[in-house]
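Participant: Please construct the entire structure, taking both the sequences and the accompanying hints into account.
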Amino acid sequence: MTSLQQRLSGRLDDVTGDAGYEAGEHPPRMGFFTDTSVCIGCKACEVACKEWNDVPQQGSAGIGAMSAMSYDNTQALGADSWRHVAFVEKPAKPTFATTADLGLPGMGPPGFSDGVPAGDEGADQGTASGEDGGVRWLMSSDVCKHCTHAACLDVCPTGSLFRTEFGTVVVQPDICNGCGYCVPACPYGVIERREEDGRVFKCTLCYDRLKDGQQPACAQACPTESIQYGEVSELRERARLRVAELHDKGVDVARLYGADPDDGVGGDGAFFLLLDEPEVYGLPPDPVVTTRDLGTMWKHVGSAAVALVGLGVASFTSRRLVPRLLSTGFGGRLPGARR
Amino acid sequence: MVGRAELQPYDSYYGRPILKPPPWEARDIAGYLFLGGLAGASALLAEGAALTGRPGLARAARAGAVGGAGLGTVALIHDLGRPERFVNMLRVFKPTSPMSVGSFVLAPFTGLSVVAALSSATGRLPRIGRAAGVGAAALGAPLATYTAALLSDTAVPAWHDGHRHMPYTFAGSAASAAGGWGMLLAPRAENAPARAMALGGTALEAVTVELMKKRIGMTAEPYSRGRGGTLLQGARVANGTAVALSLVGGRSRVAAALAGTAYLMGSVLTRFGIFAAGIDSAKDPAYTVSPQRDRQRSTDPIGAPAAG
Numbered sequence: 001m002t003s004l005q006q007r008l009s010g011r012l013d014d015v016t017g018d019a020g021y022e023a024g025e026h027p028p029r030m031g032f033f034t035d036t037s038v039c040i041g042c043k044a045c046e047v048a049c050k051e052w053n054d055v056p057q058q059g060s061a062g063i064g065a066m067s068a069m070s071y072d073n074t075q076a077l078g079a080d081s082w083r084h085v086a087f088v089e090k091p092a093k094p095t096f097a098t099t100a101d102l103g104l105p106g107m108g109p110p111g112f113s114d115g116v117p118a119g120d121e122g123a124d125q126g127t128a129s130g131e132d133g134g135v136r137w138l139m140s141s142d143v144c145k146h147c148t149h150a151a152c153l154d155v156c157p158t159g160s161l162f163r164t165e166f167g168t169v170v171v172q173p174d175i176c177n178g179c180g181y182c183v184p185a186c187p188y189g190v191i192e193r194r195e196e197d198g199r200v201f202k203c204t205l206c207y208d209r210l211k212d213g214q215q216p217a218c219a220q221a222c223p224t225e226s227i228q229y230g231e232v233s234e235l236r237e238r239a240r241l242r243v244a245e246l247h248d249k250g251v252d253v254a255r256l257y258g259a260d261p262d263d264g265v266g267g268d269g270a271f272f273l274l275l276d277e278p279e280v281y282g283l284p285p286d287p288v289v290t291t292r293d294l295g296t297m298w299k300h301v302g303s304a305a306v307a308l309v310g311l312g313v314a315s316f317t318s319r320r321l322v323p324r325l326l327s328t329g330f331g332g333r334l335p336g337a338r339r
Numbered sequence: 001m002v003g004r005a006e007l008q009p010y011d012s013y014y015g016r017p018i019l020k021p022p023p024w025e026a027r028d029i030a031g032y033l034f035l036g037g038l039a040g041a042s043a044l045l046a047e048g049a050a051l052t053g054r055p056g057l058a059r060a061a062r063a064g065a066v067g068g069a070g071l072g073t074v075a076l077i078h079d080l081g082r083p084e085r086f087v088n089m090l091r092v093f094k095p096t097s098p099m100s101v102g103s104f105v106l107a108p109f110t111g112l113s114v115v116a117a118l119s120s121a122t123g124r125l126p127r128i129g130r131a132a133g134v135g136a137a138a139l140g141a142p143l144a145t146y147t148a149a150l151l152s153d154t155a156v157p158a159w160h161d162g163h164r165h166m167p168y169t170f171a172g173s174a175a176s177a178a179g180g181w182g183m184l185l186a187p188r189a190e191n192a193p194a195r196a197m198a199l200g201g202t203a204l205e206a207v208t209v210e211l212m213k214k215r216i217g218m219t220a221e222p223y224s225r226g227r228g229g230t231l232l233q234g235a236r237v238a239n240g241t242a243v244a245l246s247l248v249g250g251r252s253r254v255a256a257a258l259a260g261t262a263y264l265m266g267s268v269l270t271r272f273g274i275f276a277a278g279i280d281s282a283k284d285p286a287y288t289v290s291p292q293r294d295r296q297r298s299t300d301p302i303g304a305p306a307a308g
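Protein sequences appear in the order of chains A and B. Under my numbering, the first sequence has 212 at position 212, and the numbering climbs by one with no breaks. Under my numbering, the second sequence has 75 at position 75, and the numbering climbs by one with no breaks.
Some clues are possibly wrong.
[To be verified] With a Cα cut of at most 20 Å, we get these calculated EDC-like pairs of lysine to aspartate or glutamate:
1. K94/B <-> D18/A
2. K283/B <-> D286/A
3. K90/A <-> D11/B
4. K90/A <-> E6/B
5. K283/B <-> E195/A
[What the hints assert, rightly or not] Take a look, some chain A residues computed to stay more than 12 Å from chain B by CB distance:
6. D54
7. E165
8. A221
9. E231
10. E234
In case anyone wonders, no lab produced these hints; they're calculated from the structure. Where is the CB? At the ideal position from N, CA and C, for every residue including glycine.
Facilitator: In structure tokens:
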């Protein structure tokens, strides 16, 4: 049995069961492990997602708009972008000048793999090579995190957002009335209202494909297995092994993001292996589900309501006290006061 | 003192916001914060006036309650992406969603206020009218304060971090608006309680806004700078004017009406200021990244307030 506070924040091992599905009868929690160390920025995930889910073309930048943000013209997740590949060009720092084989074919920009041993051409991903002017390429395919404690779902007033049997978070478009409350609730800035439609949209983790035993379109399209789909418990184990492997190879900047079930959102159903601080990729460093403080909020709302009633009562009963305090201003005469 | 939030390159993704601000029109939603507060506190004032034999004040306050709730409901529906589906707001009751809870307060409040106002205006069915008025008064305080949870139960830094203070600010602002409304419309002989309510509410609002700015750390910056800072400065001027007019105006009907108008202005500006500050705090990644990094660095358990 989960306590009220556990249902709002903190560790929650059976999120699907907590949502009301019969224990033992629902499928295991499914999710993504996105290993950005092998992302090549091909955007096949973005394209596959749009194709399968029939997501309109317009991104936040508008059709055909160029962002001047490296190769990223999608710019952010949103109603029309359920996968978003971030491109970071960061000046190389000598302190990270290690090389390691990340298991990729060589993809570096011209002149970038100078001095890298044969077979280590992909090392530029997680590490800096090259001298002055060297650039560290970071690419990452971002997606809805399908949080254990999903603020969007908790604040949705219509019940349009719901927890599926796979433990994912999905909008029911036939119920959403476009109130937009989920939009500022999301600590990752994922869900968004499509203004020409009026409703909100985001990644469904391809709910329709999952029900047919298929994997989500983005994971299927990913050529480097940067996007891995599977049972969350198994993916977390796989991610831990991958980080250990990278650390062994000297890529000590590798770290997991969203994989900790004790973090501020109770862990993400879609988590990441990153090669830099989360904010470099546009991710919040330590997100906390807003409903963690819901009890405190209602408590203060209640106290404030009592205070307001008290003020109302005092406005009628303290005609002696208040005017006396203010009597200098009234010249001793108390309008409306009855003696 | 907390300095201006600044991020270095690569502390954010091309300076883009991490959060998405709510897709709400200020006119509709900040407007509703004001109207809901006016309505809720007016219902309290109306019931007090009815109980103490002030029919003029009761009529004015009932009009404030029904007008605020009615216009507020229109604003809320207008702001929906799919206004024709507004009734879905009452499809489920979710205590985790202040918007859901608020819908279940606003809907009966509006109905009861209409009955009370009609009865009060026509003099018909007085007993049913009074009963409806008592019901509206009971829902009035929750209606005036739940909107603080509505804003705070989001990831918007300036709103979320203000969750311990904003309910009192909104209670004060609501009392100030309802009191101002009463002073504007009620007969002079009956408006003393309205004046007292406006004074008390304005004091509560002013004190709690300042407390919030001092206590919540760097995410309070948008309450002092930019659009939010300007609007809240305007609120202070309006409230100061209103208080001065109430105190020196004596028995003048004109002074009472002017003071009442200034109280209403002050409440409007406070709501629009808090609304704008929140939007600005969501749009600047510094208010998302810096407090979270500070929290990570501190040895306190998750959620310890950022040093301020």
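Participant: Each hint should be assessed against the structure and marked as holding or not.
Facilitator: Here is how each hint holds up against the structure:
no. : hint              : verdict
1   : K94/B <-> D18/A   : 15 Å, holds
2   : K283/B <-> D286/A : 18 Å, holds
3   : K90/A <-> D11/B   : 11 Å, holds
4   : K90/A <-> E6/B    : 19 Å, holds
5   : K283/B <-> E195/A : 18 Å, holds
6   : D54               : 19 Å, holds
7   : E165              : 19 Å, holds
8   : A221              : 23 Å, holds
9   : E231              : 27 Å, holds
10  : E234              : 27 Å, holds
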